[in-house]
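Chemist: Residue numbers (the numbering used here), protein chains in the order written: chain A, 181 to 455; chain B, 79 to 364; chain C, 15 to 250.
Please keep in mind that the hints were generated in silico from the structure rather than gathered at the bench. One or more hints might be untrue.
Stated by the list, open to error - What follows is a list of derived Cβ distance ranges for each label pair:
| id | chain 1 | residue 1 | chain 2 | residue 2 | range |
| --- | --- | --- | --- | --- | --- |
| 1 | C | A55 | A | E279 | 48 to 58 Å |
| 2 | C | D204 | A | R296 | 47 to 57 Å |
| 3 | C | A55 | A | S451 | 52 to 62 Å |
| 4 | A | R200 | C | D231 | 43 to 53 Å |
| 5 | B | I206 | A | L447 | 51 to 61 Å |
| 6 | C | R241 | A | S238 | 51 to 61 Å |
| 7 | A | S238 | B | P296 | 49 to 59 Å |
| 8 | A | R265 | B | T155 | 52 to 62 Å |
| 9 | C | G142 | A | R265 | 18 to 28 Å |
| 10 | C | D204 | A | G302 | 51 to 61 Å |
| 11 | A | R426 | B | T247 | 23 to 33 Å |
| 12 | B | E312 | C | G142 | 41 to 51 Å |
| 13 | C | G142 | A | T286 | 19 to 29 Å |
As the list claims (entries may be wrong) - Which chain C residues face chain A? A few, computed with CB under 7 Å, are given here:
| id | residue |
| --- | --- |
| 14 | R86 |
| 15 | V107 |
| 16 | P126 |
| 17 | R221 |
Said to hold, decoys possible - Which bits of chain C does chain A cover? Going by a derived footprint, with three or more residues having C-beta under 8 Å, they are:
| id | stretch |
| --- | --- |
| 18 | 71-84 |
| 19 | 127-141 |
By construction, the Cβ of each residue, glycine as well, lies at the ideal position given by its N, Cα and C atoms.
One-letter residues, chain by chain:
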Amino acid sequence: MTVSTAEMAQARVRADAEARAPLLEVAGLTRRYGARIGCADIGFDLWPGEVLGVVGESGSGKSTLLACLAGHLAPDAGRVLWRDRDGRARDVLAIPEPERRLLARTDWAFVRQNPRDGLRMGVSAGGNIGERLMAGGARHYGRIRGAAADWLARVEIDAGRIDDTPRAFSGGMQQRLQIARNLVSGPRLVLMDEPTGGLDVSVQARLLDLLRGLVREMGLSAIVVTHDLAVARLLAHRLMVMKDGRVVETGLTDQVLDDPQHAYTQLLVSSALRL
Amino acid sequence: MTPDDADYTFAYLDEATKRMIRRAVLKAVAIPGYQTPFASREMPMPYGWGTGGVQLTAACLTPDDVLKVIDQGADDTTNAVSIRAFFAKVAGVATTESTREATIIQTRHRIPETPLTEDQIMVFQVPIPEPLRFLEPRETETRRMHALADYGLMQVRLYEDVARHGAVTLAYAYPVRVAGRYVMDPSPIPRFDNPKLDRSPALMLFGAGREQRIYALPPWTRVESLDFEDHPFEASKPDRPCALCGAEDSYLDEVIVDDAGGRMFVCSDTDHCANRRAAGAQASAP
Amino acid sequence: MTRAVSERPAGAGMIAVRAVAKRFTLHNQGGAVIEALRGAALDVRAGECVALTGASGAGKSTLMRMIWGDYRIGAGSIRVAGVELAGADPRTVLALRRDRIGHVSQFLRVVPRVPARDVVAEPLLALGAPREAARARAEALLARLNIPPALWGLSPTTFSGGEQQRVNVARGFVHPFPVLLLDEPTASLDGANRATVLDLIREAKARGAAILGIFHDADARAQVCDRDVDVGAFRP
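Throw the hints in and build the complete structure from the sequences for me.
Modeler: Now the structure itself:
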């Protein structure tokens with residue numbers, strides 16, 4: 181873990197820089213709840229190393245979109261193409277369940293707003309981090325534990341807490357543990373649902389810094405759903421603004437925030453307390 | 079069978095039920111380690127007393143079979159005696175306490191010390207067939223986990239044990255992987271018995287009456303106890319010889335012998351212990 | 015990322031602005047339309063420093079922001095290092111910023127608890143530089159700009175205005191970018207630090223950087239700028 185992580189990340193950053201195809205291609209993604217629209221006709225490309233922010237108010241459809249991408253919800257229409265490690269485009273919505281689950285515990289990660297939903301609260305921090313490795317076939321206790329300790333350090337949790345359960349952790353620590361649990365398998369795509377929501381402001385800043393560093397060092401691609409424009413500003417390269425289930429504006433993050441074109445985006449930006 | 083008993087179907091269950099159970103057994107044998115549902119019947123005994131095992135035994139018995147029933151390794155405990163008497167009455171089959179003579183052995187919590195043969199069937203009584211039950215309570219989810227061989231969580235459970243205690247502490251019902259595919263609960267046998275499951279020449283059938291599941295290990299099936307490369311599985315037993323026959327290599331029960339807290343360790347397999355003593359073995363003087 | 019392939023026509027500058035217009039439509043204020051610029055044009059060549067001048071509100075910052083890419087280009091063309099920014103997709107703009115443009119803004123926008131040395135080193139890390147080398151370069155620049163070492167490990171959000179401004183300058187000059195955009199780089203600086211910043215600008219010019227700046231400080235402008243472009247001429 182220790183020697184290769186930096187080299188692997190460097191190799192990946194180089195590979196991503198030369199990437200000629202998006203990691204994820206989404207087109208016409210639609211999900212209805214009866215007559216009501218969850219999200220409609222969503223389309224975008226996500227390139228390797230890119231962080232896409234999805235902003236909008238509660239009920240704008242951003243969490244529905246994320247759930248459809250993650251496979252937690254079945255969309256009614258649309259297509260999601262995923263470029264696998266061999267460069268092949270796979271239709272995520274059509275691949276068999278075993279393969280999709282394999283993807284979900286190797287190449288994809290999902291960070292939930294409430295760490296209690298994303299952690300096993302009765303399992304130690306080390307066990308939480310090790311689960312993806314063990315699910316992937318790791319059977320060497322010492323190496324699993326070594327990787328867990330390494331990741332605790334990377335998310336700034338004292339290694340002495342490795343055998344404590346997350347119940348004994350603060351909210352910020354729980355969220356960092358959830359991130360470690362997700363990133364230990366070296367995923368290429370991370371989906372995050374309000375990753376800093378529910379945290380104190382001081383804790384938020386620490387988490388944002390951590391996420392920025394990990395995104396850069398691991399060459400991660402990420403889709404971050406947030407209603408917090410300040411979080412979007414600091415994390416996302418690119419923004420998608422959603423309202424009533426549809427995308428109303430999209431573009432470079434500071435373009436969208438500093439020179440919003442759509443009436444709704446202007447309202448959203450002018451309503452923010454401080455940016 | 080005496081003429082008086084002719085009103086009973088052979089071995090208590092009606093033929094249609096036995097056929098249903100045999101079909102489940104065939105499916106279970108075809109998919110080693112997979113929990114096959116079956117329509118468990120009410121038996122004249124409470125759940126937890128071996129209703130699953132009794133139904134399997136009833137479905138497998140032929141008039142020529144010789145039945146042995148053990149409970150915690152012993153032939154002379156209430157449950158073992160009752161089930162043996164039950165089948166002697168409703169099937170008229172011969173019964174035995176000898177592992178070598180038996181063709182079908184119904185068991186709770188043990189596998190005999192005497193090596194089994196290809197001519198024998200082991201029938202295990204199973205309280206909880208789902209090895210993932212205490213990790214994931216939702217049956218819908220555990221079934222999906224089996225279907226997708228998604229067993230990371232089971233390994234997490236072992237990881238937690240090693241992290242807390244330095245070793246896997248499960249003393250019984252130690253989970254196994256069958257033929258490299260399904261993770262299976264071997265029933266509450268001591269982990270000492272797990273190696274006896276691996277490539278056993280006897281057919282092993284597992285029945286859970288309350289939970290309505292049958293699963294099986296066909297003869298010679300590969301059965302691995304889950305472990306870590308650097309914390310390999312160990313079949314453990316009390317580190318002393320049997321106080322009666324002196325056996326060093328058999329599983330021992332701890333028996334309280336007086337009101338002063340005196341105790342002794344003796345073979346849990348009573349047939350094995352008796353055979354050894356009959357052949358002249360004895361414990362060396364303490 | 016898309017490489018900023020140079021497609022610069024002969025004679026055009028590293029920064030080439032042609033017939034650029036910008037208007038703002040304020041949807042939430044009755045759809046009011048504000049015409050900010052029309053017919054803006056300028057060139058900045060390698061080794062040259064050009065000042066944007068004009069009264070407050072003339073559109074200096076608006077033009078600067080379109081060149082940096084955080085305002086959309088209403089009409090016309092802006093090429094930086096040969097890359098067309100009008101209608102460019104975000105990846106192109108980000109790649110251009112990362113590889114080609116050093117930017118010193120008036121505002122320091124950073125994650126609150128990140129230490130000053132890492133804020134300054136970030137453009138180098140984004141280019142794939144090793145962490146230690148990037149930090150060393152950042153510290154050298156902070157030292158040159160008289161930020162005491164005791165502050166390097168602290169977040170600049172707690173710094174004074176002048177200190178924040180110098181952190182911003184350091185961030186813009188940490189890598190030898192071929193294009194520099196400077197928005198009031200000497201504002202709120204005392205004499206010694208102001209002189210250091212002007213030296214940095216001279217050095218950048220000498221190595222061939224194309225520099226576009228806004229300087230309220232007329233003396234500073236006179237010292238480093240080769241010519242002025244009056245943005246007032248582009249008022250609609």
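Chemist: Give a verdict on every hint.
Modeler: Structure-based check of each hint:
1. A hinted range of 48 to 58 Å for the beta carbons of A55 (chain C) and E279 (chain A) is consistent with their spacing of about 56 Å.
2. The hint said 47 to 57 Å for the Cβ distance between D204 (chain C) and R296 (chain A), and at roughly 52 Å that hint holds.
3. Checked against the given bound of 52 to 62 Å, the beta carbons of A55 (chain C) and S451 (chain A), roughly 37 Å apart, lie outside it.
4. A hinted range of 43 to 53 Å holds for the C-beta pair R200 (chain A) and D231 (chain C), which are about 46 Å apart.
5. In this structure, I206 (chain B) and L447 (chain A) meet the distance hint of 51 to 61 Å, their C-beta atoms being roughly 58 Å apart.
6. For R241 (chain C) paired with S238 (chain A), a C-beta distance near 53 Å keeps the hint of 51 to 61 Å intact.
7. Under the hint 49 to 59 Å, the C-beta atoms of S238 (chain A) and P296 (chain B), about 56 Å apart, fit the expected range.
8. At about 58 Å, the CB distance of R265 (chain A) to T155 (chain B) agrees with the hint of 52 to 62 Å.
9. For G142 (chain C) and R265 (chain A), the Cβ-Cβ distance of about 21 Å falls inside the hinted range of 18 to 28 Å, so the restraint holds.
10. Here the CB-CB span from D204 (chain C) to G302 (chain A) is close to 60 Å, well matched to the stated 51 to 61 Å.
11. Against the hinted window of 23 to 33 Å, the Cβ-Cβ separation of R426 (chain A) and T247 (chain B) comes to about 55 Å, which falls outside the hint.
12. Checking the proposed 41 to 51 Å range against E312 (chain B) and G142 (chain C) shows it holds: the Cβ atoms sit about 49 Å from each other.
13. Between G142 (chain C) and T286 (chain A), the C-beta spacing of about 26 Å keeps the proposed range 19 to 29 Å intact.
14. The restraint placing R86 (chain C) at the interface with chain A holds, with a minimum CB-CB distance near 5 Å, inside the 7 Å limit.
15. Checking V107 (chain C) against chain A: minimum C-beta separation of about 5 Å stays under 7 Å; hint holds.
16. Taking 7 Å as the C-beta contact cut-off toward chain A, the hint placing P126 (chain C) at the interface holds, the least distance being around 4 Å.
17. A distance limit of 7 Å between C-beta atoms decides the matter here; for R221 (chain C) the minimum to chain A is near 25 Å, and the interface restraint is violated.
18. Under a criterion of three residues with beta carbons nearer than 8 Å to beta carbons of chain A, the stated coverage of the stretch 71-84 of chain C is upheld, 3 such residues being counted.
19. With 4 residues bearing a CB less than 8 Å from a CB of chain A, the stretch 127-141 of chain C meets the requirement of three and the coverage assertion stands.
Checked against the numbered hints given earlier, the structure breaks hints 3, 11, 17 and satisfies all the rest.
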